[in-house]
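Q: Required output: the full structure, derived from the provided sequences and hints.
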Amino acid sequence: MPLTRNRREFVRDLGISAAAMPFLLNLPGLAFANQAKRKQRIVFVFSPNGVVPKDFWPDEEGTNFKLKQILSPLEPFKKQVLTLHGVCDRIRGDGDGHMRGIGCLLTGIELYPGNVQGGSDTPAGWAKGISVDQEIKNHLQKDAATKTRFGSLEMGVMVPDRADTWTRWSYAGANKPITPIDDPYQMFNKLYGRVKDREALASVLDDIKDDLKKVGNNVGAADKKLLEEHAAFVRDMEKELKEQKNAVVGHAVPKMEPGIRKDNDNMPKISKAQIDLLVNSFHADFARVASYQITNSVGGARMKWLDINEGHHELSHEPDTNEKAQEKLVKINKWYCEQVAYLAKRLAETPEPGGSGSLLDNTLIVWTNELGKGNSHTMDNIPFVMVGGGLDFKMGRSLKYPKVAHNRLLMSLAHGFGHNVKTFGNPNHCAAGALTGLV
Amino acid sequence: MTSSLPKFGSALVAIVALASFSPAQEKSGETIYRQMCAKCHGAKGEGAKQYPQPLIGDKSLAQLAHVIDLTMPDGSPDMLNAAESKRVAEYVYDAFYSPNAQAKLNPPRVELSRLTVKQYRNSIADVIGSLRFPPKLDDKQGLRGEYFNARNLQPNKRQIDRTDAEVRFDFGKEAPKADIEPKEKFDPNTFCIRWDGSVWAPETGVYEFVVKTDHALRLWVNDNRKAVIDAWVKSGDGTEFKTNIFLLAGRAYPIKLEFSKAKQGVDDSKKNPNPPVKPAFISLNWKRPGRALEPVASRFLTPQKFPEVAVIEAPFPPDDRSFGWERGTTVSKEWEAATTEGALETAAYIVAKLQDLTGVQPGATDRVAKYKQFCKTFAERAFRRPLNAAEQSLFIDRQFEAAGDDAQLAVKRVVLIVLKSPRFLYPDANGAPEQYATASKLAFALWDSPPDKELLDAAGANKLGTREEVAKQADRMLSDPRAKAKLRDFLLTWLKLDQAKELPKDAKRFPGFDEALAADLRTSLELFLDDVVWSPTSDFRQMFLGDETYLNGRLAKFYGADLPPDAGFKKVKLEADKRAGVVTHPYVLSSLAYTGETSPIHRGVFVGRGLLGIGIKPPMEAFTPLVPELHPNLTTRERVLLQTKANACASCHTIMNPLGFSLEHFDAVGRYREKEKDKPVDASGGYDTRAGTTVKFTGAKELAKFLASSDETHYAFAQQAFHYFVKQPVRAYGLAKPEELRKTFADNGLSMRKLIVEIATTGALAKTEAKPPAK
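Going down the list, the sequences are from chains A and B.
Going by our numbering, the first residue of the first sequence is number 1, and it counts up by one from there.
Going by our numbering, the first residue of the second sequence is number 1, and it counts up by one from there.
To be clear, the hints were calculated from the coordinates, so they are not data collected in a lab.
Glycine is no exception: its CB is placed at the ideal position from the N, C-alpha and C atoms.
Just to be clear, a hint being listed does not mean it is correct.
[Stated by the list, open to error] Here are some chain A residues the structure puts well away from chain B; computed CB gaps all over 10 Å:
1) LYS37
2) ASP59
3) LYS128
4) GLN141
5) ASN175
6) GLU229
7) LYS262
8) GLU314
9) HIS377
10) ASP380
11) PHE393
12) GLY396
[What the hints assert, rightly or not] Cut-off 25 Å, straight-line C-alpha distance, at most; resulting in silico cross-link-like pairs (SDA-like, lysine to any residue):
13) LYS226(B) / ILE178(A)
14) LYS262(A) / GLY734(B)
15) LYS209(A) / LEU394(B)
16) LYS463(B) / GLU380(B)
17) LYS214(A) / ARG327(B)
18) LYS214(A) / LEU394(B)
19) LYS176(A) / PHE281(B)
20) LYS333(B) / LEU205(A)
21) LYS226(B) / THR179(A)
22) LYS255(A) / ALA407(B)
23) LYS136(B) / PRO254(B)
24) LYS225(A) / ALA432(B)
25) LYS213(A) / LEU387(B)
26) LYS176(A) / LYS767(B)
27) LYS39(B) / ASP69(B)
28) LYS353(B) / MET158(A)
29) LYS196(A) / GLY363(B)
30) LYS226(B) / MET158(A)
31) LYS104(B) / GLY193(A)
32) LYS333(B) / ALA232(A)
33) LYS224(A) / ARG327(B)
34) LYS372(B) / GLY193(A)
35) LYS224(A) / ASP406(B)
36) LYS272(A) / ASP406(B)
37) LYS225(A) / SER322(B)
38) LYS209(A) / LEU387(B)
39) LYS224(A) / LYS767(B)
40) LYS214(A) / ASN388(B)
A: So this is what it looks like as structure tokens:
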């Protein structure tokens, strides 16, 4: 019963006695103060339907490059940007291009045969393997020094309420897609529900103690003892709640703008709220891995706030010769880039708790897409744009690879966390090893 | 045991004494005890260094006198003649030995109890449940099945709408078959089915639901919004889909299963209009707690749609069962913390379902007023009585004020403070007006759950004051599924079979006796118990005399009855001339046996301790049974006699062994046998009653006949039932209460249902003194 499981999840660790210890240990200045190794984090950002390559990829190679229109919002962080041209998704098999595009993007492996019919290709099901974000999360959660409360957070913005191959990119394992949380209030509850519960509980404890006394006066001496024992336990709990009051989160619980509904026109607000929560979670060390999925593969956001009334997917099929459509697509992709830039900005503004530099210095954002280009459905030159210093990659560069399999990049990301996998996803695409030239 | 016995006994002693001795020589029982017994047994029977066990037990006076005469003083029983033994027995019996003597020394009282774990979970479920609207219970079984000739469940494509007894279909390459020719011809490539209704949980615990299909499915159980299994995307070749769900006994949970044999997503049917047809099957199965995997049988399914049940999963420390029944008379830090978790979990549940529960739209202007009303009803149901003005102010108004404009937070605070209040947690200390207190006790006795609306209304209307009124309500409440579940639980507890356990058996000697067969056997026993208790007379004797056994195809094959292999459970006369009721039920007999051999000792303890209520003490030390292979020429009976012939063993084993021996015609899996090791089975046995008579019987049928008619069995059953239902020591309601209950039971034709009504009524009407006078 997943609803119950969620309820259980956030009441389970209600700060009572030993249960609160792991969180106390996560506080800056306690467990990590004497730890030499820096915290490393990674965020995967997805936007759909391919890009407009001529307005996306830098022409130059190396450290001296210009950001084109779509990537222009990243200008303030240019020294921490790395663009990877020439990385190709080589996974084939069942499913249409969009399905494989999203389903194989982080898993690097084929889809199972199944009953989801896309366009004219063979029907397919879920991916056959774990996605790299979950692989890294599992690696970090295994070690007490890098284990966090959630390990990873799977966030979304306007992901349709249907579970199919087009709407999932993170997989806990073969046939185990993870549903992203695209409701900021649900995410807030997941992160802070426990604190709120504790506040509500603490506020009624005085009344409960009074009530116990009153009821105690109604019973005989022998029975009264039982109620007195009970009252002592309530007092213990009160004491523990007080001691933990400010200790658990490590920062003030953020205020949320109330009443943002899941609605196309609210997309900018939802996106901002989710990014704020994500940054807060990293600051509180709730997780070191996150994924951030804007809509879905074939996503049809209608960006009316940019004066674009057509859906994104529909526009993405327009030929290169339709200049108006291409202009709109550039604007749409630039908006996605602005989300990445806002995330980078928030991370850059936030000092690393108990460490040096900012959160951005210890976080790698990996922004990607299910297709290279919308109207050709090509899976060559999948957009991979990285921002931040989370892995020891040499940033501030534009790299061009000669059509390498994206499995090799996925391996590099795992290696960046010291998780030296020999292959990732379909091993046939891993023979050449992790991608060279990143570090 | 009977109150007339001691009087009769002492009169007899007096006559004998007058005839044999002069009055001057006669020492009183007390004097004899002080002079000859107290050294080893202690001045008040509390025991001493040499013999530390206290002299407490449940032998009758006659039995006690007999034992003393035969064995005491230790080593020189000749020092006391029969009359003197009897006198000392009388003294011992009344001073400290008998249960009533103990009760006089340490008066049992009705102790203040918190909710037990079961009662806590049930309370949450039913308090929230009382704010929902269940349909009126009917006795339909199975699930509604709607069949659609489309790849989605489009209403206009529905071709069949019927009730399916179970979900167990192998369509092969065909379309579903309809009784009436459907409007359209089904496309065998593309069809969908929805089964809808509710599922009954017969016991509390974790259920594993397993859907087997080679196509797409979605399953909802007790959550109408979120599927517990979502495999609507068919992916890979897996055909088994599972999930675990915790359910409470005696309640129906909404269930919906959707099946789709079709592609989902983009429609490409024009591209390939005539694809080769693939086969399709689907079945709905479960593993009940501690059971093997089996299809969900139609008796657990109903096409009626019941509302969701709030099942709280917060883990609680188990209740004290040291008295043989669950009691809530202690608290611990862990328990207190668990009530906090339970309250928070409930608050989260209610807030998440607030719209469903209150019918209030999030933006409605009268939202706060309606939430307040909802909270008041919630508090009243949780406290099992109306709130007074001070309580309304504390539990409701103050919480709303404190929460400011956050109405959801206000609801949360109310739920927390109500569920953490002692008025919720201690039903008998919450200051309820008398008739509400009666209602509460009655409901917890019968349901382990708070009163329903009808009962509360009766209390409010001053219609719960007399014994007749309470008994009438009890009678009504007994037919509720929750009472049925509790009654079945009690019967299984009475038979010491409340925990379903594995029955490993020697596969070489008993091929075919596997996990599935053992699960069927348990089902067979449960059906038998239900059958007897819910028969018109509910006659306790039929527990022992019933000569029909529930069998299905698998059991029939194993036990040699004539049924088709796939037959469902039916009542069958299985060796009716040899079998009788529970003592020969193969599940009982298999449980009381080793993997290969029977165990007359376990069977004897079961009959003696469990059914006759004798307080048999555990052996002085643990013994391993003699290994059969080392005694190849001995029957089981001979081996047991050999092992237990020592004096130290005899005092108990002379009681147990003959009881167990009478069941020796049934082997370790409960099959009838004439011979063991080529020797004819000796199933002769006997029992010395507390009334002082000796009963001899040969074979199970004669044993069963004795048990059915024995006062001792009736007495033990009534006393155990009282403890199980009321959860307080029966003698706290009067020293004569156990005997009164036995008599009422007998006077009512040994109707078990009437007994339970009597017990629940007695418990509900007993006044708990607010402040008992200081001793």
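Q: Decide, hint by hint, whether the structure agrees.
A: Hint-by-hint comparison with the structure:
1. LYS37: Answer for LYS37(A): holds, closest chain B Cβ roughly 36 Å.
2. ASP59: holds, 38 Å
3. LYS128: Answer for LYS128(A): violated, closest chain B Cβ roughly 8 Å.
4. GLN141: Given a closest Cβ separation of 23 Å, the condition holds.
5. ASN175: Violated, since 5 Å does not exceed 10 Å.
6. GLU229: Violated, because the least Cβ-Cβ distance between GLU229(A) and chain B comes to about 5 Å, which does not exceed 10 Å.
7. LYS262: holds, 13 Å
8. GLU314: holds, 15 Å
9. HIS377: holds, 14 Å
10. ASP380: holds, 24 Å
11. PHE393: holds, 34 Å
12. GLY396: holds, 42 Å
13. LYS226(B) / ILE178(A): Given pair LYS226(B), ILE178(A) holds - Cα atoms ~15 Å apart, limit 25 Å.
14. LYS262(A) / GLY734(B): Outside the cut-off at roughly 66 Å; violated.
15. LYS209(A) / LEU394(B): OK: LYS209(A) and LEU394(B) at ~13 Å, within 25 Å.
16. LYS463(B) / GLU380(B): holds, 19 Å
17. LYS214(A) / ARG327(B): Holds, because 24 Å separates the two Cα atoms, which is no more than 25 Å.
18. LYS214(A) / LEU394(B): At roughly 13 Å apart (the allowed maximum being 25 Å), LEU394(B) and LYS214(A) satisfy the hint.
19. LYS176(A) / PHE281(B): holds, 23 Å
20. LYS333(B) / LEU205(A): holds, 16 Å
21. LYS226(B) / THR179(A): holds, 12 Å
22. LYS255(A) / ALA407(B): holds, 17 Å
23. LYS136(B) / PRO254(B): With Cα atoms ~15 Å apart, LYS136(B) and PRO254(B) stay inside 25 Å; holds.
24. LYS225(A) / ALA432(B): Satisfied, since the Cα-Cα distance of roughly 21 Å is no more than 25 Å.
25. LYS213(A) / LEU387(B): The given pair, whose Cα atoms are some 18 Å apart, holds under the 25 Å limit.
26. LYS176(A) / LYS767(B): violated, 58 Å
27. LYS39(B) / ASP69(B): holds, 18 Å
28. LYS353(B) / MET158(A): Given pair LYS353(B), MET158(A) holds - Cα atoms ~23 Å apart, limit 25 Å.
29. LYS196(A) / GLY363(B): holds, 23 Å
30. LYS226(B) / MET158(A): holds, 19 Å
31. LYS104(B) / GLY193(A): violated, 55 Å
32. LYS333(B) / ALA232(A): Status holds; Cα separation ~9 Å.
33. LYS224(A) / ARG327(B): Given pair LYS224(A), ARG327(B) holds - Cα atoms ~17 Å apart, limit 25 Å.
34. LYS372(B) / GLY193(A): It holds: about 23 Å lies between the C-alpha atoms, which stays within 25 Å.
35. LYS224(A) / ASP406(B): violated, 37 Å
36. LYS272(A) / ASP406(B): holds, 24 Å
37. LYS225(A) / SER322(B): holds, 20 Å
38. LYS209(A) / LEU387(B): holds, 19 Å
39. LYS224(A) / LYS767(B): holds, 18 Å
40. LYS214(A) / ASN388(B): holds, 14 Å
Against the hints set out earlier in the document, violations occur for numbers 3, 5, 6, 14, 26, 31, 35.
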